[in-house]
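Trainee: The chain contents come next:
There are 2 protein chains.
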Amino acid sequence: MALVDILGYSAGAITSLTFLPQVIKTWKEKSARDISLLMFVIAAINEVIWIAYGALLDNWVIILTNAIVLSMSSVMIYFKLSYR
Amino acid sequence: MALVDILGYSAGAITSLTFLPQVIKTWKEKSARDISLLMFVIAAINEVIWIAYGALLDNWVIILTNAIVLSMSSVMIYFKLSYR
Chain V
25 MALVDILGYS AGAITSLTFL PQVIKTWKEK SARDISLLMF VIAAINEVIW IAYGALLDNW
85 VIILTNAIVL SMSSVMIYFK LSYR
Chain W
25 MALVDILGYS AGAITSLTFL PQVIKTWKEK SARDISLLMF VIAAINEVIW IAYGALLDNW
85 VIILTNAIVL SMSSVMIYFK LSYR
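Protein chains in written order, with our numbering: chain V, 25 to 108; chain W, 25 to 108.
Only chain V is shown next, with the shape it has when bound in the complex (with noise of 0.2 angstroms):
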């Protein structure tokens, strides 16, 4: 494998996992006073247009990262608007 499929694989594998230490802590305790709930509604809104754009595609990879991260993103939006 290239080095550049190598970065490209091991960046999309990580960006699926960025929100995931978050998720995590807010979930830990029960606070999310700090966190911005417009930051997590424009990155499932923008997940979501990325899906639709691994779709067209036919991308798996773009499909399934974007679906982890939507999947986080709406656990956030939840927690937000649960603990406040």
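Just so you know, these hints were derived from the structure itself, not from any lab.
Among these hints, one or two may not hold up.
It does not matter which identical chain is used: a pair holds within one copy or between any two.
[Unchecked claim] Cross-link-like lysine-lysine pairs, in silico, DSS-like; alpha carbons within 27 angstroms at most:
hint : residue 1 : residue 2
1    : K104      : K49
2    : K54       : K104
3    : K52       : K104
Please read these numbers as outputs of a predicted model, since none were measured by experiment.
Assemble chain W onto chain V, guided by the hints.
Mentor: Just chain W, lined up with the frame of chain V:
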């Protein structure tokens, strides 16, 4: 421009702005207790990989988008370490 291109450019543009509401909120409120430091450290490392990927592909959309997100992630790491 085809629908797939419009979706791709829209998603890229929105991605670069995702962290902005969090930067503004944290800057205004001077409080980052509920923010996950690990999330923004992972994001920053990931942006560096994305920028290297974009550089190898000579793709300036990838480079610029991720340079903007890297700068915002760096600001959030600074805020988190400053305000706690």
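Trainee: Work down the list of hints and note, for each, if the structure agrees.
Mentor: Evaluated hints:
When the C-alpha separation of K104 and K49 is checked against a cutoff of 27 angstroms, the pair qualifies both within a copy, at 12 angstroms, and between copies, at 14 angstroms. For a Cα distance limit of 27 angstroms, the shortest separation of K54 from K104 qualifies both inside one copy, at 9 angstroms, and across copies, at 18 angstroms. Taking identical chains as interchangeable, the C-alpha atoms of K52 and K104 lie at most 27 angstroms apart whether they share a chain (13 angstroms) or sit on different chains (18 angstroms).
Every hint from the earlier list agrees with this structure, and none is contradicted.
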